[in-house]
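Asks: Sequence:
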Amino acid sequence: MLLTLHGAIAWGGGEWWQRGLLLAHFGLFLIWQPVWRGERQIPMPLALLVLCIGAFFAVAGNWWLVGTWIAVLFGLIGGGVPGTVGRRERLVAILGAVYLVAMLLMWVVPQLFTRYAVSQEVAGVVRYGLPLLPLIILAIPGGERRRGDPVIVDLFYSLMLFLLVVALALGSFVIQEVTQGQYLLGLMQSLMVIAVLLAGLSWLWNPRAGFGGIGTLLSRYLLGLGLPFELRMRRLAELSQTETRPEQFLRSALTYMLELPWISGYGWRSAQSEGMVGQPADHVEQYETGGILFTLHAPRPFSPAVLLHLKLLMQMTGHFHEALRREQLRQQSAYTQAIYETGARLTHDVKNLLQSLRSICAAAEMRGADDSAAFRALVQRQLPQITQRLGATLEKLKSPGLVEMRDVDAAIWWQGLQARYAGRNIVFLKPELREGERLPAELFDSIADTLIDNALYKASQGRPLRISAGLSSGPCLSICDDGEPVPPEIAADLLAAPVPSDNGLGVGLFQAAKFAEQSGYALLLADNRRGRVCFELKPVR
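Numbering (my numbering), first residue to last: 51 to 591.
Be aware that a few hints might be false.
[To be verified] Straight-line Cα separation of at most 25 Å, SDA-like style, residue types lysine to any residue; simulated pairs:
hint, residue 1, residue 2
1, K508, R582
2, K401, V549
3, K564, P490
4, K588, E567
5, K508, I476
6, K508, K588
7, K480, V549
8, K564, P535
9, K401, T386
10, K508, V477
11, K564, L467
12, K480, L506
13, K361, G328
14, K361, P84
15, K564, S383
16, K508, A576
17, K508, E539
18, K564, D459
19, K480, E539
20, K401, G473
21, K480, S383
To be clear, the hints were calculated from the coordinates, so they are not data collected in a lab.
Small disclaimer: the values here were computed from a predicted structure and weren't measured.
Using the sequences and the accompanying hints, generate a full structural model.
Replies: So, in structure tokens, the structure goes:
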């Protein structure tokens, strides 16, 4: 592209093939141009306009037009340098920009002077020296842009570079025409003036102290179109606090932003919902953030500052919507978890009740002809307790968390536990209690049944075990056996989470530990070694 431009303006001299090279250069520019992607379909009116511009550029051959075109190319190439990551691509862009500036100042601008002729030395450098830069670009490995890899051009940098090179060229031209002096002197004077202006602007953009700077003023302008940006953010935050449903927040936030004078309507579409507030209009912009595709409608075209402002607002709206959606999912998960825990807890209570009934049935099967009175006394003691525990379970089902536990005499409770498991090969140690000591019957019944049931199941799967139960002052309940220890990988989570189980859901001890924690007690694996596996329930001091 640069070589065809060089051949047309440095060697053309009004020849017929100059226009052909200019057309070839314009065609190569259309292939390289960073504005439209290759897969994008260009509307027919725009395509005709581009072709007309190219034909006019080739036919006219005016030096003013050529100078303007070189300034545009310099702005496009230089504006892509900040977005270039690779070192080779950056070097290619810098070499191309240097070539264009040198060609403009050494060849094109002098052609504008009617009384100035380019010297033979300068002409030789331009014609034979400057083409080395495009040739070096061709020789750089990977210097050419890969197909499908777009050139990212910063509009602000491109516009600034275009204006700088135009100011430099026109300044040199004006100084030379006014002073009737040397072109080189006028060029140096223009460079000095532009350097001073750039130094002053750089200081004004971000001064060291005092004044906030042009950059701060520009940011305030971009963030305060029609209403201060922080007020909009505050209003969005208030809506996120008052609106609990994400879809309702989205509708309320977009309805609030209809107050902006340059917007007529908003549309949105997400995986959960879609809708629109306001009225559709001729000019539409779309922006996607947080899984929501926003459609902005306006009666007039969007300016870059307004579009940036709206994108910031849409991004913040998307963030608030996503936060509300995650909060809603957490609430649903918590509700599901509460249902699960309630169901598991009630299942655990029913299982313990069945275990008590199973104990009575086992006592009935083993009783002899002379044990009728003892068995009748056992049934008379246990059935009221089972009825009370079943009633408490039903109350939990109706209103979880509202059932109060009743305290009973610890010695009487211990006698009832011994009677409930009479004949089950369990050694009940002598209790060590203070006189009149009491305990929460529901908690101790539930955990005692769970621990004893687990120990009995463990004994049924292998060699006979010695299972012992003890009650000490505190009150503190201990259930021990002389079997194999709990595996370390299971013991770590045994009381903190559901674990794999061969005879259930693996939640019995987990639910028992949570029940104890809610009641002010702690269920612990106090000992876990071969021949001594012991669980303890004791109050938290």
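Asks: Evaluate each hint against the coordinates.
Replies: Now for the hints, and whether the structure bears them out:
As the CA atoms of K508 and R582 are separated by approximately 14 Å, the hinted pair is consistent with the 25 Å bound. For the hint pairing K401 with V549, the CA-to-CA distance comes to about 18 Å; that is within 25 Å, so the pair holds. The hinted pair formed by K564 and P490 meets the criterion: a straight-line CA distance of about 15 Å does not exceed 25 Å. For the hint pairing K588 with E567, the CA-to-CA distance comes to about 10 Å; that is within 25 Å, so the pair holds.
Note on K508 and I476: the hinted pairing holds, with a Cα-Cα distance of about 13 Å set against a maximum of 25 Å. In summary, the hint linking K508 to K588 is supported, as the alpha carbons are separated by about 23 Å, within the 25 Å threshold. As the CA atoms of K480 and V549 are separated by approximately 33 Å, the hinted pair breaks the 25 Å bound. The hinted pair formed by K564 and P535 meets the criterion: a straight-line CA distance of about 22 Å does not exceed 25 Å.
With a C-alpha separation of about 22 Å, the suggested pair K401 and T386 falls inside the 25 Å cut-off, and the hint holds. For the proposed pair K508 and V477, the alpha carbon gap of about 16 Å is at most 25 Å, so the pair holds. Distance hint between K564 and L467 is fulfilled; the C-alpha atoms sit about 22 Å from each other, no more than 25 Å. Distance restraint check for K480 and L506: the Cα-Cα separation of roughly 21 Å lies within the 25 Å cut-off, and the hinted pair is therefore satisfied.
The suggested pairing of K361 with G328 holds, with an alpha-carbon distance near 18 Å, which does not exceed 25 Å. A hinted pair counts as satisfied when its Cα atoms are at most 25 Å apart, and K361 with P84 qualifies at roughly 23 Å. Between K564 and S383, the direct Cα distance comes to roughly 19 Å. Compliance with the 25 Å bound is thereby established for this hinted pair. For the hint linking K508 to A576, the alpha-carbon distance of about 18 Å falls within 25 Å, and the restraint holds.
The suggested pairing of K508 with E539 holds, with an alpha-carbon distance near 18 Å, which does not exceed 25 Å. With a CA separation close to 24 Å, the supplied pair K564 and D459 stays within the 25 Å bound. For the hint linking K480 to E539, the alpha-carbon distance of about 34 Å lies beyond 25 Å, and the restraint is violated. With a C-alpha separation of about 20 Å, the suggested pairing of K401 with G473 holds against the 25 Å cut-off.
Simply put, K480 and S383 have alpha-carbon atoms about 47 Å apart, too far for the 25 Å limit, and the pair is violated.
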